[in-house]
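Listed below are the residues making up each chain.
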Amino acid sequence: MGETKKVEFEYSQIDSERMRLNVGPQHPSTHGVLRLEVELDGEIVTEVIPHIGYLHRCFEKHCEKMTYPQVIPYIDRMDYICAMNNEWPYVMGIEKLMGIEVPEKVEYIRVIFAELNRIANHQIAIATFGLDAGAFTPFLYLFRDREFILSIFEKASGGRLLYNYYWVGGLAADVHKEFKEDVLSIVKQVRETNKEIADLLLYNKIFIERVANVGILPADVAISYGCSGPVARGSGLAFDLRKDAPYSIYDRFDFDVVTGHGEVGTVGDCFDRNIVRFHEMEQSCRIIEQAIEQMPMDGDVREKLPKKIRPPKGEIYTKAENPKGELGFYIVSNGTDKPERIKSRGTSFVNLSVLPEISKGYLFADLIMILGSVDIVLGEVDR
Amino acid sequence: MGLLNKLDDPYYGGGIILGKVEDILNWGRSKSDWYLQFGLACCAIEFMAVNASHFDFMRFGCIPRTSPRQADFIIISGTVTFKMAERIKVLYEQMAEPKYVISMGSCSNCGGPYWEHGYHVLKGVDRIIPVDVYIPGCPPRPEALEEGMIRLQEKINKQAIFNKRKRLAEEEKQELIIDN
Chain R
1 MGETKKVEFE YSQIDSERMR LNVGPQHPST HGVLRLEVEL DGEIVTEVIP
51 HIGYLHRCFE KHCEKMTYPQ VIPYIDRMDY ICAMNNEWPY VMGIEKLMGI
101 EVPEKVEYIR VIFAELNRIA NHQIAIATFG LDAGAFTPFL YLFRDREFIL
151 SIFEKASGGR LLYNYYWVGG LAADVHKEFK EDVLSIVKQV RETNKEIADL
201 LLYNKIFIER VANVGILPAD VAISYGCSGP VARGSGLAFD LRKDAPYSIY
251 DRFDFDVVTG HGEVGTVGDC FDRNIVRFHE MEQSCRIIEQ AIEQMPMDGD
301 VREKLPKKIR PPKGEIYTKA ENPKGELGFY IVSNGTDKPE RIKSRGTSFV
351 NLSVLPEISK GYLFADLIMI LGSVDIVLGE VDR
Chain L
1 MGLLNKLDDP YYGGGIILGK VEDILNWGRS KSDWYLQFGL ACCAIEFMAV
51 NASHFDFMRF GCIPRTSPRQ ADFIIISGTV TFKMAERIKV LYEQMAEPKY
101 VISMGSCSNC GGPYWEHGYH VLKGVDRIIP VDVYIPGCPP RPEALEEGMI
151 RLQEKINKQA IFNKRKRLAE EEKQELIIDN
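Listed in order, the protein sequences are those of chains R and L. 1 is the number of the first residue of the first sequence in this note's numbering; add one for each residue after it. 1 is the number of the first residue of the second sequence in this note's numbering; add one for each residue after it.
Hints were generated in silico from the structure; no laboratory data involved. Each residue gets a CB set at the ideal place from its N, CA and C atoms; glycine is no exception. Honestly, I wouldn't trust all of these hints.
[Stated by the list, open to error] To give a feel for the contact side, a few chain L residues facing chain R, derived at Cβ under 10 Å: (1) Gly28; (2) Ser32; (3) Gln37; (4) Gln70; (5) Lys83; (6) Leu91; (7) Cys107; (8) Tyr114; (9) Ile129; (10) Pro130; (11) Arg141; (12) Asn157; (13) Gln159.
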């Protein structure tokens with residue numbers, strides 16, 4: 001347990017002037033078009049005000065105008081790094097409203113693709129976090145591996161980034177014949193690279209000095225702000241919807257919920273949030289291996305696709321564990337083929353709200369690391 | 001490319017390049033374009049993939065710069081909202097001449113999927129800044145962005161540098177004639 005890096009300052013001793021600084025919306029380390037208004041006292045951050053809305057793309061307005069299947073591509077574009085995970089709670093909600101039971105094979109493919117996309121998301125998160133710290137090499141290694149995962153998605157859905165693959169009642173297309181072998185080879189590759197990344201970046205002395213004891217998020221603050229995903233788990237909260245409220249077939253798999261426990265510093269610092277992502281990749285590999293073993297290869301993934309999607313009148317809230325946290329959709333149906341209203345609980349939006357709380361009192365350079373460790377996607381913040 | 005092939009030409013005795021100053025300047029310019037490191041939306045992720053190991057954008061001589069003052073061209077990679085459009089215009093104006101714009105993806109080409117109901121989305125970035133190369137796709141594949149870069153290099157190679165003002169005045173005169 002080291003001491004925190006918060007800088008205590010005696011205002012009475014040194015005469016200093018407060019300065020307001022604008023970070024973004026064009027900034028290489030804001031992970032998108034986020035604008036931060038920072039108040040500095042010398043080099044110490046005293047206040048952070050995030051200004052959002054630079055990527056507001058009217059998701060809820062589009063939902064009112066589109067039919068149910070047409071909404072899926074817009075959901076892809078919310079959190080564009082993990083589009084497979086995004087589609088899942090939405091189609092799950094409509095399936096529950098309409099009372100559709102999806103075939104076994106579909107469930108397994110959905111689990112495998114969601115976990116593969118979780119790995120791809122965490123690879124980007126760790127790669128860009130390394131970039132923020134000035135480490136360029138891990139970025140190249142992780143993006144190399146990500147391309148293999150994308151190639152599997154491309155074979156199945158035709159898209160590299162935005163898939164429109166999870167449909168109500170099934171999937172857009174079946175997987176190819178050598179699917180199992182391909183996925184297992186990717187899992188092997190991910191594990192090999194993870195060993196390298198641990199040595200190259202995460203347990204590197206320079207990196208640890210930079211991120212340990214920075215941006216500490218206590219567990220009670222994480223709960224009161226509604227944080228979820230690796231941000232909450234980094235603070236020691238074992239909160240994972242796959243375990244706590246199992247959806248789909250997650251209760252069949254054996255995996256652990258990774259939490260941060262202050263390995264090199266204090267519980268809930270930037271290092272913990274990232275090491276949780278790192279170990280979650282291994283847990284995802286375990287789930288994929290079990291799913292590949294149990295998955296039936298025969299069966300039609302499109303047999304349960306309804307011809308008309310007209311859910312009965314009613315409302316439903318579905319949630320799923322996204323790589324970034326809990327993503328929920330509140331769907332109100334009025335009995336027609338267009339939804340009355342869809343409200344989404346954006347994970348990144350909720351996680352970003354904790355940034356002003358945890359970045360006060362640190363140096364300005366640490367603010368960039370804290371923002372990188374929260375791992376936001378502006379498409380989901382602004383929607 | 002064309003210029004270097006001349007070095008092997010026995011006609012010139014080898015090792016000598018005869019060409020217009022314009023050609024040689026353009027050859028140098030087109031092979032060392034630096035871009036503004038600036039991502040907007042989904043396309044920015046593909047843009048990052050182009051920078052990474054599989055596609056290696058730097059072999060085109062493209063190096064990311066974080067300041068618009070040092071950048072030769074800007075890639076508009078994603079949806080341009082009204083709120084962001086002002087900032088993009090400022091960024092474009094801050095870049096030093098000669099400057100180029102690549103519009104990447106449907107959103108910045110024409111509004112993309114947000115064209116019809118998007119009350120908040122600019123229907124094409126060419127409404128605020130001039131665009132040199134349009135790349136279709138939602139999002140475009142990394143190979144498409146590379147193709148766009150090659151097209152931009154072709155355009156730079158063909159550009160005339162000297163007597164620019166005189167030529168522009170002539171063009172304006174002709175436009176006036178056409179308008180009248």
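Would you pick out the hints that fail for this structure and give their numbers low to high?
Numbers 1, 2, 4, 9, 10, 12 and 13 - these are the hints that the structure violates, sorted from lowest upward.
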